[in-house]
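Trainee: Take these sequences, add in the hints, and give me the full structure.
4 protein chains.
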Amino acid sequence: MAHPAPVTDAVRHHDPDVRGFASDNYAGVHPEILAAVALANGGHQVAYGEDDYTGHLQEVFRRHFGPRAEAFPVFNGTGANVVGLQSVTERWGAVICAASAHINVDECGAPERVGGLKLLTVPTPDGKLTPELIDREAWGFDDEHRAQPQVVSITQTTELGTCYTPEEIRAICDHAHERGLTVHLDGSRIANAAATLGVPLAEFTTDAGVDILSFGGTKNGLLFGECVVVLNPDRVRAMKHLRKLSMQLASKMRFVSVQFEALLAGDLWLRSAGHANAMAQRLAAAVRGIEGVTVVRPVQANAVFAILPREVSERLQKSYRFYFWDEASSEVRWMCSFDTTEEDVDSFAAAVAEEMTAGPSPS
Amino acid sequence: MAHPAPVTDAVRHHDPDVRGFASDNYAGVHPEILAAVALANGGHQVAYGEDDYTGHLQEVFRRHFGPRAEAFPVFNGTGANVVGLQSVTERWGAVICAASAHINVDECGAPERVGGLKLLTVPTPDGKLTPELIDREAWGFDDEHRAQPQVVSITQTTELGTCYTPEEIRAICDHAHERGLTVHLDGSRIANAAATLGVPLAEFTTDAGVDILSFGGTKNGLLFGECVVVLNPDRVRAMKHLRKLSMQLASKMRFVSVQFEALLAGDLWLRSAGHANAMAQRLAAAVRGIEGVTVVRPVQANAVFAILPREVSERLQKSYRFYFWDEASSEVRWMCSFDTTEEDVDSFAAAVAEEMTAGPSPS
Amino acid sequence: MAHPAPVTDAVRHHDPDVRGFASDNYAGVHPEILAAVALANGGHQVAYGEDDYTGHLQEVFRRHFGPRAEAFPVFNGTGANVVGLQSVTERWGAVICAASAHINVDECGAPERVGGLKLLTVPTPDGKLTPELIDREAWGFDDEHRAQPQVVSITQTTELGTCYTPEEIRAICDHAHERGLTVHLDGSRIANAAATLGVPLAEFTTDAGVDILSFGGTKNGLLFGECVVVLNPDRVRAMKHLRKLSMQLASKMRFVSVQFEALLAGDLWLRSAGHANAMAQRLAAAVRGIEGVTVVRPVQANAVFAILPREVSERLQKSYRFYFWDEASSEVRWMCSFDTTEEDVDSFAAAVAEEMTAGPSPS
Amino acid sequence: MAHPAPVTDAVRHHDPDVRGFASDNYAGVHPEILAAVALANGGHQVAYGEDDYTGHLQEVFRRHFGPRAEAFPVFNGTGANVVGLQSVTERWGAVICAASAHINVDECGAPERVGGLKLLTVPTPDGKLTPELIDREAWGFDDEHRAQPQVVSITQTTELGTCYTPEEIRAICDHAHERGLTVHLDGSRIANAAATLGVPLAEFTTDAGVDILSFGGTKNGLLFGECVVVLNPDRVRAMKHLRKLSMQLASKMRFVSVQFEALLAGDLWLRSAGHANAMAQRLAAAVRGIEGVTVVRPVQANAVFAILPREVSERLQKSYRFYFWDEASSEVRWMCSFDTTEEDVDSFAAAVAEEMTAGPSPS
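Chains as they are written, first to last, in the working numbering: chain A, 379 to 741; chain B, 379 to 741; chain C, 379 to 741; chain D, 379 to 741.
The hints are simulated quantities; they were obtained by calculation from the structure and are not laboratory data. No experiment lies behind these values; they were computed from the predicted model shown.
Distance ranges between label pairs, derived from CB positions:
(1) C:HIS555 with B:GLU545: 48 to 56 Å
(2) A:VAL396 with B:GLU692: 52 to 60 Å
(3) C:GLY670 with D:GLN436: 38 to 46 Å
(4) A:SER725 with D:TRP517: 26 to 34 Å
(5) B:GLU545 with C:THR719: 56 to 64 Å
(6) C:SER725 with B:ASP704: 51 to 59 Å
(7) D:PRO445 with C:ASP724: 45 to 53 Å
(8) D:ALA729 with C:GLU720: 55 to 63 Å
All C-beta atoms, glycine included, are put in the ideal place defined by N, C-alpha and C.
Mentor: Below, the structure written as structure tokens:
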């Protein structure tokens, strides 16, 4: 296709044909998303969320999450989590979460520093909380010496690539609500969960009792942008003030909102997530067949966690960037994204196989 | 040019031919910027700033601000200010600024709440600090009861549409440095200042002694994005940690960086700002000729501040959205942007003239 | 009475007969307060406020402030203010106060840093807010860009030694409540106000509409200790949690509470404050008679503000410690306390007179 | 001794002969401490720490902790910890501590909320960190997504009544320093540790490499008051500003300082702590002899942790207030203090024995 080069003083610095398995946010923007941004361009629109795209977006989200849902576009996932959690806690509140939760380990303390939140963390085998695990920290109500548990935060799909069933989430919500706790869901990869479960989004969120969630866009093909989605407005306060004071209010919000419209008005969200999941399954299947490589966690989303000899991983990293998940056990994480191709997977699996058969590195 | 409609499930909700004078962030994205975003798309790039575009962006900024400059892309202006100010203050620090500064009046307390910063505000006649005005708050060093003045923050161009000369900034910097204070510049509209002054960016920043600044992109035609630019690394600490903990770290940073490359590699930044400034001059000239309308502040950037009868403004607002700047005096603010046309200005000025001659509203 | 020297390894390091005019917190502890501390000693009492003294203290405060009053002992004045203000604001709230308020100028930014509070400050001629002055900042409700005004904080008596009348406070409260604002009173020197006004404490607090206040103890003869007193529990939340998380919860609280009982069960509070006020009147009268000394503010509490030649003040400071209040105008502040004697005042006034007649200092 | 009743309007509300085993801060003030407070009374002394007592206190602390020690009196233990930890961390810093640390479980999130600190917690068997346990969290240096480990905080004696040896602390300090981490010691019960170890305070602090500590006073017979003691000034910044902004600066500081002088100038600190420890040993010995009661942790300070039937504990609580430490296992904690008598211990042990032989409660 002979496109005329677009007019810009910027120049291309990268090879648009190179993809890896380091993270779903190494990928770029889905072409349909970019088309949507262009569509919303031109003319003037009221800034800070009073535009027509953000207005319309409410309807789009309500189709997925029910008639009480309210969507608040923000910049990024940490922002979505910290704004959302503030809206369901008081200054003296605490958040019960898995020790492996992104809010605990990957946000440089933003929940504590920006939100003034205390995290009450619980070790889990698979990144998933349960009513029993919640009860390890759901106590001490009214004791002023203890940061007051007010929210349970779960991640769907989890940081460990696992996926809660709707029933598991319902059990958590029922349990939390009985104890007066609100339920927050970090849905950075919520679309991958829906693809895995094969159910509508509401089935494991609104209908299961989740009160508020972060809806991930960036990892599913957006340029940037996440949404805080309020499912139960009775439990949530002052989102718009909290979004602004937390520095997550976009002035040209139409361009965040139209991306979410492009994602959610049709099935792009599900197509992209389903594809990423399928690529992870393909990758898992391929490497499971390689002697010396063990897939160590259930593959229920777009991540494959594997253990293989450290020196093999390090050799592979010369050609493919990816991360060690656990230095101690040499566990690595491989992520697939909306633009991962079957060829990408097959080539990478072949490279793994090849490096496994190579001799040990000269020391 | 007959483009095929881009494929997306989003639909256009607005009229791309309607523009107003409410704010420069009501405008959309400059086409060259959108072209740059497309250019950077495709393939995988390391997330969180290790990409090739962000790497290259350092060179682009250094051409404008000198060889020690370091650029840290962030999401928005409040974020740029609060991250930058944290990097030059301690937990016990305070920031001297004009009472009219954006950080004081328009950021919902983010500097205080996210940064833990105390603002020491000084009333000014025109939004501009001076050495004398700074001294009203530059005292009490070492007194533990007083939040410790550590930074002077100025805005260029100011919130009141005025522009510091390079000499004025140099005087402020010399004065501040003598007292051990760092100088921060909120450059949300820094390009408008360069266009007004007709000098290179460095002349009123790096060369004048400014230590760190927020470089505005969104108001000058970007989709989103601002940069914290460190000019004097000796006075600045831990930018990358502060950006992350302040929730201003974009995962797909290449798309912020390439926009800035498109803006700054050539002259787009200056063309756009110069045009917006010229439109403001055209508007000021037009309304100055209308009896009963007074342009009340110097027009040194892309803003026109005027006083006219309140009822006239309110009638105008039915067709054109704009803001009252000061409710008490019925002062209004009209902003021009990169996409404001001469016809837009002339039509609006005609509408002002027409409403001024209309009789009083029926009550 | 020949007391045997108490047994302790500490030794006396100071002259217990030297007193000055620098601050009412340079004074020591009133003997009746120390006797009360001894009375509460011995045996075990539940820590953190469940003791019998803190329980009884509620009744004592209710006698002064009405049947809905609740008292929360804390350590110091900054703590009382910041805990109290948090209890009547949300994370997005702001506090309207005089620019000269202690919370703005003398607490090292603790309201901002610990409480996350934005202060909206108003210049005043005499340290006193009025409905009109409040309206300079009581606007922008619901605008997410503006920190939301939620509280008016006044100081009684003010930092400038002036005293609100009950009518003035009532007017402020009525005005604030109409706008949905809560009223906080920093009563660091509230007893001095009651002594000046000659009315019960409730008359210018509970009955005038004040919702919550800081009741000062330390400056009126306590060893340490202030109380947050909730007057209108409908507007106040979670005091006990906020006190703890703000690090203002005393473990051996009985010893704070019994001091307040000693102060407030009888008339010690009023005797001490009335005496300090009378000494300030005596001092003002004496120095008003000295040529070249001008008492520059109304003496309505225990402070005298005067302007005299800077070199005279500096010579006086060699013998008497006191503070310059305003460096620019060489205004000084002289404070009287419960233990200031008539002889102290007369000697100091004589010293002022003597230094005024001395020639200029050799330079 | 027939003392005349001290003159005060306060009345005694409690029985000074009743003591229990709930907490060492249920006890009152040691008579020598109260005598010291009286000694420091009278006359005027500069407020906020420039008094003669606080000046002299520096020498007292240096005798114990070496010539570089600097003492900063504060109000309470939470305050001491949070002020001290801020002085050795940056805004992006994190603190490695045991999951059972007071700063993690008993301070209502004050470290996070006031200090903006992230706690990186490690489960321990006995409340004690080790180099190996520290390494579970001492990683990710320079990674902006991870709150940066900057301090190791240990508690001596621990919240579980155990005591580090000097060698154990030295190993921790060496290990921490090698990794660029500062060492903080929460010495709320540091005197009990010295009494247990039989060594000077410096031996397990300054000489072992500790950089900064909280020195407990309240639990060892003070009216109120703790000290932040800086041992290595090279690693500590701006203590006085941090103390003020954290609302821990006492105006009449002489009365905090003189208490510490009384405690530390002679051997009161050691006598009191040694006595409390001895009473705990006596209690442990007595209850170990009761069938069905198990002392479940080493008794290395003034605490005894025991498991006995829940219904027995609940019956005992009707006469003696004490706390369940772990609801799940029905573990209880009994604390001794400076004023615990042998008779107190023997009576309580007898009561335990009696309730153990009583039949089960009627349900």
